[in-house]
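Trainee: So the sequences go chain by chain: A and B.
For what it's worth, the numbering used here labels the leading residue of the first sequence as 1, then goes sequentially.
For what it's worth, the numbering used here labels the leading residue of the second sequence as 1001, then goes sequentially.
Hints in this document: simulated from the structure, not taken from any laboratory.
Warning: the hint list may mix true and false statements.
Subject to a maximum C-alpha distance of 16 Å in a straight line, what follows is the list of computed EDC-like cross-link-like pairs (lysine to aspartate or glutamate) [stated by the list, open to error]:
1) A/172 with B/1115
2) A/172 with B/1112
3) B/1020 with B/1214
4) A/277 with A/265
5) A/172 with B/1171
6) B/1077 with B/1066
7) B/1077 with A/185
8) B/1074 with A/23
9) B/1119 with B/1131
10) B/1156 with B/1021
11) B/1135 with A/183
12) B/1156 with B/1027
13) A/147 with A/23
14) B/1177 with B/1122
15) A/75 with A/133
16) B/1177 with B/1125
Now for the letters of each chain:
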Amino acid sequence: MKVIRWSTLVPLLILMVFPVIVDSDYYRHIFIIALMWVVIGSSWNLLAGYTGQVSFGHAIFFGTGAYTAGLCVTKLGISAWWGMLFGGPVAVLVGLIIGWICFRLRGPYFALATIAVGEIFRIGATVWRDLTEGMQGILIIQTFRSKIPYYYLALFLAAACVYAIYRVVNSKWGFYFVAIREDEDAAESMGISGFRYKSLSLAVSSFFTGLAGAFYMNYMAFIDPHVVFSLHYISIMAILVGIIGGVGTLWGPPAGAFIMVLLQETFRSSFFGLLPKWVSEGHVLVFGLLVIFVIRFMANGIIGDWHKIRQIWSRAKSLPPAAAGN
Amino acid sequence: MSIFRTNRLTKAFGGLIAVKDLSFHVEEGQIYGLIGPNGSGKTTVFNLINGYYPITSGSISFQGKELNGLPTWKICKLGIGRTFQIVKPLRRMTVIENVMASAFNQTARKDDARERSLKILDFCELTRKQDYPAKGLTIGDRKRLEIARALATGPKLLLLDETMAGLTPQEQAEGVKLIRRIRDSGVTIIIVEHIMHVIMNICDQILCINYGQEITRGTPEEVGNNPAVIEAYLGRE
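Construct all of the structure, not just a fragment, from the sequences and the given hints.
Mentor: This is the structure we're talking about:
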């Protein structure tokens, strides 16, 4: 399970100098969003990929974090930055309550329950106008006009999240999580409390997702229930990031996050305006095709099946005699 | 003072009574055999002992402590390890990772868990395969892995559920040696087994059940010569 080497500092260094070299707020924005998705995807992966509890409801924690930050402004009259402090813990609290209810269900039944709870949160946030302003949403004033502070904050969150998950999966907790994923009955008979360790996994996962939500509120300065509690844009996207990159691998979700965000933006902008406008309508279709392709040919995701990809690459360059004979 | 004792243990699934009024006790250091025809309730007894099923009535005590109502993982922490008849390897973990996940019961440190696991793998003669993924093991090695994982939790009582089924005679002979070594290391064992020469060879005491009720009990010779046991297995003439 050891995966952090010196070479992992290379992408970090590239990301650190990126906004200095690239003097474009547009590209900086795309990278900020991608870094935010590194956090959400990695958190989802800890619960679903390592612990085997597939969540279709990560929008719950994202939205909770975002609204915690938003309500700091509208209800408490303090800065939305306090949300970076409270967002995580509030999301954990929500997560533990949901876990307490849903963890008695296993496999697909747990996944279905998280969809239901997710929709309850979205509709609840829409209807409870006194608290959330409903569909009007919450609008705040951005602290910084420059993208740079947001960029480095997002990079810090992403690095902290990946490092924390690296530490978790290489500890006793990580072994327990994977044991539960592989066979919960066997794990229980090995002295592992399924409920306790699933809850711990969910707590870590919801903490970072809540932080990402609070960051989103501060950065975008506008939220409404249909964006931050969205099944489609948040919960499903978190799953896609995980699957494309590689479920149950440390570097899968970070890779998946950049691939998905770049792909989404490429299509949304009709290949940066080079292609006709109708192309932008097709991005959902392309996501679907991509998922089919990845599941069919690289079931472990791009990072999980990296050795396969490299094999194809090296085989294309020079066919070894034995393989040529076949 | 017996290390383990059940008192009028009963389990009903709706109208079906799977285990009825079963009382037995196991002394420290014994190998205690539990035999009976297919469907007689042996595995159900194990599932009651380790808390997988709730008990309908009666009680189970281990080292003087009542186990009724405790969850499976707590019963394991008290010192009762078990293997499954239908083996449950953690498929996408390597052999040593399987054992380490268990060994974390006794330590929170990874290198310590690894060291303990290496010792247990050596004890179970699985050292050569420590880096194999568990899903790639033969059935014989899977059964060994089940035992290794149960041992890594540090049990004082080990429940072995048909660890010899499906093995070659050669593997069975090695298995018998392994079980003896486990007992000699100070672990009390309750074993469910169908293979008669194995059970007759290693058990100190045997309890024979059918339809969840006791038929007879005693030393292997006594049980082996009992007409009721022969009838339960082979039918009446």
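Trainee: If a hint holds in the structure, say so; if it does not, say that too.
Mentor: Here is what the structure says about each hint:
1. A/172 with B/1115: Between residue 172 of chain A and residue 1115 of chain B the Cα gap is close to 14 Å, so the pair holds against 16 Å.
2. A/172 with B/1112: Holds, at roughly 11 Å.
3. B/1020 with B/1214: holds (8 Å)
4. A/277 with A/265: holds (13 Å)
5. A/172 with B/1171: violated (33 Å)
6. B/1077 with B/1066: holds (14 Å)
7. B/1077 with A/185: holds (15 Å)
8. B/1074 with A/23: violated (59 Å)
9. B/1119 with B/1131: holds (15 Å)
10. B/1156 with B/1021: violated (25 Å)
11. B/1135 with A/183: Holds, at roughly 13 Å.
12. B/1156 with B/1027: The hint holds at about 12 Å.
13. A/147 with A/23: Holds - the C-alpha atoms of residue 23 of chain A and residue 147 of chain A are around 10 Å apart, at most 16 Å.
14. B/1177 with B/1122: At roughly 14 Å apart (the allowed maximum being 16 Å), residue 1122 of chain B and residue 1177 of chain B satisfy the hint.
15. A/75 with A/133: Roughly 11 Å between the alpha carbons, so the hint for residue 75 of chain A and residue 133 of chain A holds.
16. B/1177 with B/1125: Holds, at about 11 Å.
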